[in-house]
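Enquirer: This is what each chain is made of:
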Amino acid sequence: MPGAPFAIEGAMTPLRVNGEHVELDVEPRRTLLDALRADLGLTGAKKACDMGNCGACTVLLDGEAVYSCLVLAVDCVARAVTTIEGLGEGGKLHRLQEAFIAADAFQCGFCTPGQLMALAALFERVARPSDAQIMRALSGNLCRCGAYQHILRAARMARDR
Amino acid sequence: MITRLEGADKVTGRARYAADVRLPGLLHAHIVRSPYPHARIRHIDASRAERLPGVHAVLSSANSPSIPWHDASSLFDRTVRYIGDEVAAVAADSDELAADAARLIDVQYEALAFDLVGEAREPKAEARGDVARGLREADVVLEATYRTQTALHNALEPHGCTALWHGDQLTVYESTQGIFAVRDEVAEKLGLAAQNVRIITEHMGGGFGAKQIAWKHTVIAALLAQRTGRPVQLALDRASENLAAGNRNATEQRLRLGAKRDGTLSAIDARIRVEAGAYSVGGEDSDVIGTYLTLYRCANVRAEQRSLRTNAGPAVAFRAPGYAEGNFALESAIDELAARLGIDALELRLRNYATRDQREDKPYTAPESLRRCITRVAAACEWRHQRPGLGFAAHDWAAGGGWPPAEAEVEFAHGAARVIVGVQDVGTGSRTALAQLAAAELGIGVERVQVELGDTQPGLYGPTSAGSATLATLGPVVQEAARLAKKSGHARAQRGENPKGKSIRTCGAQAVELAVDRDTGEVTVKRVIAAHDCGRIVNPLLQSSQVIGGITQALGYALSEKRIVDARLGDVLNANLEEYKLPTVADIPEIVNASESMPDAEANATGVKGCGEPPIIPTAAAIANAIYSATGVRIRELPITREKLIR
Chain A
1 MPGAPFAIEG AMTPLRVNGE HVELDVEPRR TLLDALRADL GLTGAKKACD
51 MGNCGACTVL LDGEAVYSCL VLAVDCVARA VTTIEGLGEG GKLHRLQEAF
101 IAADAFQCGF CTPGQLMALA ALFERVARPS DAQIMRALSG NLCRCGAYQH
151 ILRAARMARD R
Chain B
1 MITRLEGADK VTGRARYAAD VRLPGLLHAH IVRSPYPHAR IRHIDASRAE
51 RLPGVHAVLS SANSPSIPWH DASSLFDRTV RYIGDEVAAV AADSDELAAD
101 AARLIDVQYE ALAFDLVGEA REPKAEARGD VARGLREADV VLEATYRTQT
151 ALHNALEPHG CTALWHGDQL TVYESTQGIF AVRDEVAEKL GLAAQNVRII
201 TEHMGGGFGA KQIAWKHTVI AALLAQRTGR PVQLALDRAS ENLAAGNRNA
251 TEQRLRLGAK RDGTLSAIDA RIRVEAGAYS VGGEDSDVIG TYLTLYRCAN
301 VRAEQRSLRT NAGPAVAFRA PGYAEGNFAL ESAIDELAAR LGIDALELRL
351 RNYATRDQRE DKPYTAPESL RRCITRVAAA CEWRHQRPGL GFAAHDWAAG
401 GGWPPAEAEV EFAHGAARVI VGVQDVGTGS RTALAQLAAA ELGIGVERVQ
451 VELGDTQPGL YGPTSAGSAT LATLGPVVQE AARLAKKSGH ARAQRGENPK
501 GKSIRTCGAQ AVELAVDRDT GEVTVKRVIA AHDCGRIVNP LLQSSQVIGG
551 ITQALGYALS EKRIVDARLG DVLNANLEEY KLPTVADIPE IVNASESMPD
601 AEANATGVKG CGEPPIIPTA AAIANAIYSA TGVRIRELPI TREKLIR
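In the order they appear, the protein sequences are chains A and B.
Read in order, the letters of the first sequence are residues 1 to 161 in our numbering.
Read in order, the letters of the second sequence are residues 1 to 647 in our numbering.
Keep in mind that the hints were calculated from the coordinates and are not lab data.
One side only, chain A facing chain B, incomplete, derived with CB under 7 Å:
1. C54
2. F100
3. F106
4. G109
5. L142
6. C145
Simulated DEER-style distance windows between Cβ atoms:
7. Q169(B) to A127(A): 53 to 61 Å
8. A127(A) to D519(B): 36 to 44 Å
9. G167(B) to S130(A): 54 to 62 Å
10. D131(A) to G167(B): 53 to 61 Å
11. P540(B) to A127(A): 28 to 36 Å
12. Q108(B) to D131(A): 55 to 63 Å
13. L70(A) to A567(B): 29 to 37 Å
14. D160(A) to V140(B): 48 to 56 Å
15. A113(B) to M51(A): 32 to 40 Å
16. A605(B) to V22(A): 51 to 59 Å
17. W403(B) to V22(A): 48 to 56 Å
18. A80(A) to Q108(B): 44 to 52 Å
19. L23(B) to M51(A): 22 to 30 Å
Example chain A residues on the side facing chain B (calculated, C-beta under 8 Å, incomplete):
20. R30
21. C49
22. T83
23. L93
24. T112
25. G146
26. A147
Quick caveat, the model's predicted, so the values are computed rather than measured.
Cβ atoms here follow ideal geometry from the backbone N, Cα and C, with glycine treated the same way.
Using the sequences plus the hints, can you model the full thing?
Expert: Structural data, given as structure tokens:
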């Protein structure tokens, strides 16, 4: 990442996670996903494939949806990370979260944080996304329970609210 | 509309899964697996791994107790029988370090000959009447062979647990469909009393059958925690999940169906081979013959299945085990038979569906519910024989009625209730539906009911979440405990027996509308219409989630999913979520749930039956039938890929 601040081995890695400044002592090889889960105890992002195939670890990095298993924590210095734990505001649920509950857009719930963050990135960028945009935003997130039809319904509910 | 009680926890990341447990001093574990499909272990040298700073324990056959496991093998057997078989395990300060250490363990193998085809073992067979006569007397005989693939569960949450000891008390946070099954098995393997083992499953990220038994990782984590005196977390990686955590067995089904001119079935003959993999892990013998014996009325039936032992990952139950496989063949064949007879495919089913359980020789509690499902689907899809691209299939499922034993406890005070049960909510919504039944009995709002489940500690037995049985097993118990608690404030109840002299089943029907691109072979499923008899529908929203979920999984089974094993090396070539093709959001059609609530008053006091497995059963056959209707091409092998359609 040319021009971006970088971390030096042995030095602390400063991150901004859900609006809070944190300093982490992590190996350069540690993924953002492992840093969130193991070092910060933010276990909402899930480790399901650890190779960028399923989307269960999706978080926002400077507002964009990324697979946190494919990003190194040290590459996130001075960037804003938002996880599912930081999605709502002031203790209130995000409209996407409310719509997911109303539409029963999950069963086991394991992929749900990733699905929500993928959609949150879209809704951040586009106030009223089209069905095609919603589909595209979700196309990198697997749901083995097969809740897709209800996930799409939830996304449309949140949009049309 | 009542939504899931745990909804807010699941959309905020608060819902805690087995690998989300965070404890002081937590170690992370990694399993070393065999790279050979069959080999003898000559020597294991773990010294380099043990010297790595941050590594706390290494376990292998060299230093751990020989605990008997599947068949005649042991926990870390000196003979490995498939690629992925457990060889050793490491606990270290971090996941990365555990993986490093695993790579430093030097294992010398002596490769042995391996077998990916397998020899057929003694058959499991059932018969009635005289099949030879039934075939002789038939006006039309259909003979065909169908094949289904090995499919992988791939729940997004891998198998895994967090294990810790307090003295001689073991607590395990486990991703399981059966907390009591795991408790009893872990206790037995470790030589502990059952009450010294506590299993907790607050939430679990999908199982679909693969988490209905206790696997080795739990005992390995417990042993590592014991040896290190620290809590140990062990979650399988995705490759291991695909190699060593179960699969839906592949089948070959050779069928002969005989029918009279008027469509009466005179004979059903099914000879089936099932690929079982390297071990009998329990729950792997899927009942492929089951539906041949029960779905249609027929006096002359012979059905047998032989399992084949191979040097590949072991099979285990996968949502409607046996029935998803058997239904694809039987319901494809019924369609082929209808075409030969010149009878409408739906009409042929209506003429032949069974109203009594011919296997048990008892009437069904709801003998006409299959007719209702078939006619509802027919109405919803405006069934017209030979409309191109429209296909149909019916199904039955031997379970869904629940059974004893099970217990529940209800406390009721100041207009609020606490329900305690020993089952787990595997994502189907058991918490919510049980709360609704209690609330209705107590005359309070569901928000006034708190359900505690997923913990063996209270000692209230609950069954494994299998056989679509949880609600039908626990529902009547919770209702009864609530009825008693309404008077006394606190009560326990036990699951009673099912009615004698009757058989409880679930059943349903689906239609599929699709289009096939004749140049590319691309199948576009446009609509699936489903009606399933699950007795009384307690929560329509959650029931529809089961229906769309089962059908979505079935789309993968029908069209894209297949474990691919290299015939020369015995290795799984697509042990990941990129090359093992699960359906994505872009692959799903419109799914219409035309199920209606059909309370089955004879089944139990709540009238409920299960709906977890049925929706996955008939979709593949309905797709194959729709493809035939669209193209005139009959594909008798799953998955139905573009390659097969073009060829």
